[in-house]
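Engineer: Mind docking chains P and F on chain H? Use the hints.
Residue numbers (my numbering), protein chains in the order written: chain H, 1 to 355; chain P, 1 to 314; chain F, 1 to 260.
It is worth saying that the hints were derived from the structure and are not from the lab.
Here a beta-carbon is modelled for each residue, glycine too, at the ideal position from N, C-alpha and C.
Treat the hints with caution; some may be incorrect.
Stated by the list, open to error - Listed next, the in silico SDA-like pairs over lysine to any residue satisfying Cα-Cα at most 20 Å (straight line):
#  : chain 1 : residue 1 : chain 2 : residue 2
1  : P       : Lys-310   : P       : Leu-284
2  : F       : Lys-56    : F       : Gly-15
3  : F       : Lys-135   : H       : Val-295
4  : P       : Lys-310   : P       : Ala-184
5  : P       : Lys-256   : P       : Ala-266
6  : F       : Lys-135   : H       : Pro-105
7  : P       : Lys-256   : P       : Tyr-87
8  : F       : Lys-135   : F       : Arg-146
9  : F       : Lys-228   : F       : Ile-87
10 : P       : Lys-256   : H       : Arg-199
11 : F       : Lys-135   : H       : Arg-103
12 : F       : Lys-135   : H       : Gly-296
13 : F       : Lys-228   : F       : Glu-245
14 : P       : Lys-310   : P       : Val-277
15 : F       : Lys-135   : H       : Gly-244
16 : F       : Lys-135   : F       : Ile-87
17 : F       : Lys-135   : H       : Gln-17
18 : F       : Lys-135   : H       : Ile-294
19 : F       : Lys-135   : H       : Leu-293
20 : F       : Lys-135   : H       : Arg-300
As the list claims (entries may be wrong) - Per the computed footprint, the stretches of chain H lying under chain F, defined by three or more beta-carbons under 8 Å from a beta-carbon of chain F, are:
#  : region
21 : 242-252
22 : 286-299
Letter by letter, the chains look like this.
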Amino acid sequence: MPTSVITTRSAGGRDKQPLSFALSGAVVAFMILVGLMIGPAGPQWWRIPAELLDHLPFVSLDSGISRADWNLVWQIRAPRVVLAALVGSMLSVSGASYQGVFRNPLVDPYLLGVAAGAGLGATIVFTLQRETTSSWIIDPLPLAAFIGALCAVLVTYVVGTAFGSVRSGTTLVLAGVAVTSMLTAIQAFVLQRNSDVVRQVYSWILGRLSSATWGDVRLILPYVVVSSVVLLLHRRLLDVMRVGDDEALALGINVRRVRLIVVLAATLGTASVVAVTGLIGFVGIIVPHAVRLIVGASNRVVLPMSMMLGAAFLVAADIPSRVLASPAETPIGVVTAFIGAPFFLLLLRTRDVSR
Amino acid sequence: MNKLTKAGIAGFLFALTATIAGCGSSADTTDTTIAVEATELTATYPVTVGDLTLDAQPMRIISLSPTSTEMLYAIGAGAQVVAVDEYSNYPAEAVALGTMLSGFEPNIEAISGFTPDLVIASYDPGSLAGQLGSLNIPFFIASAPTNLDSVYEQIEQLGLLVGHVTEADQLVASMQTEIDAAVAAVVAPATPLSYYYELDDTYYSVTSNSFIGQLFNLFGLRNIADNVEAGNDYPQLSAEAIVSSNPDIIVLADTKCCAQTAETVAARDGWGGLAAVVAGNIALLDDDIASRWGPRIVELVVAIGEAITKASAK
Amino acid sequence: MTAIGFCDLTVSYNGTDAVVGFNDLLHSGEWLCLIGPNGAGKSSVLRAAAGLVPYKGSVAINQTEIPAASARWRAQHIAYVPQAPVIPTDMSVYEYVLLGRNPYINYFSSETSHDRDVIDRVLDRLDLVQFSARKLGTLSGGEVQRLVIARALAQEAPVLLLDEPTSALDIGHQQQALELVDGLRREQGLTIISAMHDLTLAGLYADRLVLMHEGHRVAEGTAKQVLKSETLAEFYGVSARVHHEADGTVVVIPQRSSRL
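Extracted from the complex, chain H is given alone in its bound form (with noise of 0.2 Å):
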């Protein structure tokens, strides 16, 4: 009896896990590190450390920083890196929940509309005068493109379950693809007739972390953080869900309500990720899949540790974003595609990808 309870107690790999925890978060911790020291400009890279160990209590170190230079890392480098950390984490998270609600490997954070109603919001700001509006109390451009999300994503969800009492997740996937196609024909039709903000939106999509502020950071800190604590508590639930939506009730689920909830948790928080960064791509799909082939597919350990790779990835991918074409900038949304196209060729390679 006591060797069978010891085999299946270390089935589950539960002993594995705080370690991965650990590794993961060192990972986070390093790679912030990394993106603080590195930049087109700035001071040199190993005064950073420096500087932030000498404001521990107790220790005293001269960085030989100067005051202009700490305030650039402090006020620009830093936001941004932040900002990546919170985004990379908000992404991969709510791209693992996607794909854990719908059962389907290839589903990323934008697939119910987020991306089509955040483009459609931005656009309409930006063909108002961007320039006057970009001054007021209340800047309207995240707003518009948080409330465009949330409003496309409504929008699938009431005519995804209009239709008589589906429990499918398929039916709303389709939902989703028809209400982005419908944005996105909009959208063009407004550009096409204000095809002086053709740039600015096209550069808005491709996705950006230059414009950083620490203001951006606050915005976005309560949302994400309300809709990553949803989604982590919704793990085991999510793994109940591997059996499918049927076998899932009778064991117990409400599956319309869990798949109601994670949806919105989910899109809340990428919607207010997308509103102040634009959209970037990539981040939502891969990280889940790269965590699974370290890990395993359980969504108990997928969650959490695409939280924190997804952190370390995307710190990691601003940093080329800021120092390839150096002075300028390539979109991080064309450094995460460079990286993403390449990765789906080697998991259709190397394994299954229906589960």
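Structural biologist: Chains P and F alone, transformed into the frame defined by chain H:
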């Protein structure tokens, strides 16, 4: 006054402004010391333009707008410019700086790496204002103008900011004179000529409400794109609409981007029979000059005038 | 004591009736087998009891009607084994059986040591301990069948619903699975309702048979009473002989049409 006297005075004024303009441009190419001397005469700091106050003359200016670059060099502030954006391809001194900043996706760290004391852009693509503000770098937005007077105002604002007030005033005056002269030199026919302005080879055009359209208004020309789409000053016209309105003059502003010439236009299906094509009244503009609102709009106006003269002569 | 009772159960899909006025009472430990041609409504009865489709009428456990809103309550009292269960290939055996404990784990919590004890016992009983860490994709059909039953057992529900439990198995594994279920029934007093195609096996293991046709109950009773060749010909359209073995087993033997 009779016509001869008028012509004489115009000619004298023209010669005078040409001389002064000539003096101004030679000042651009002199070295720093002489430029500094010249500016010491006209600079009084601190200066305030709008919300921006500069306490001292900026000696490390970054221009993220090709038009601002042209204006800065034209008013003698070229020596104070340390970096420009990738599209600032005029004058040659700006290109010689070798900097390739982006005005659309500004890399704030790279910008601060130049330790500028003034950054000028034509719009704020992101939170540039906020980010520069947190680094205490003065930021001035020289936005696209709606009319000719805004252009002159912008030149004078720049002149005040960079300490070249006199040169700015002189530039404005010479531009006004040259433009007036170019307009006056054209004998307009009784019925206003119509024109089609082409922005790119998919037939995006401008109405007479746009900035460039207003330059054409100086000559009393009729724009075939007016009233095509209410509220849209940059409508996309259909080939049929253009051909059926049979404009007297075709103005191509896509000679660089889309390699359009009189021959390519004539080769388009159905365009061969247009009055403008047959008579050869196709004006070719340099894309850059046509899309900026700096000192070189004078060349633009002159080119338009020549096209009209040619078209009127038939 | 009735373990499970059906009162006027009616199931409709898009206006078509799949089950009409199904009534039955099972006592604890009874094995009822639903038989009938395709589309007779057998699966629909099970799915309704499992709460997967809306129904009219009522289903009651120990005389308590199942509350419509509580999937958890239902899952604690009824365990459903579907015909074609979804088998996530890279889930481990342990994780899969753990799913059966879902009705007892609080919404946001994880499993407790009691839950783990139950899983250990179930794995032991079904001889799956050595497979604990194996991924589902590496198991054979027979092992998967045991696994699905294990998950159902982990639910500790008094009623077990089996939808075509033997369709995908070879004759040896069919017997193994049914013997296993029978053994568990006797040990734990489970009440079993199964829907089956194989009439001989149905007669062999079930206490009672109910023949369904187009949503209605058309015959009920022991194997001897229900499995008659006229009855089968009428409702299945099959030409079959029914043979009674010495020990009481009823064997249904399909007949070939005469060779020319």
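Engineer: Hint by hint, work out which the structure violates, then give me just those numbers in ascending order.
Structural biologist: 9
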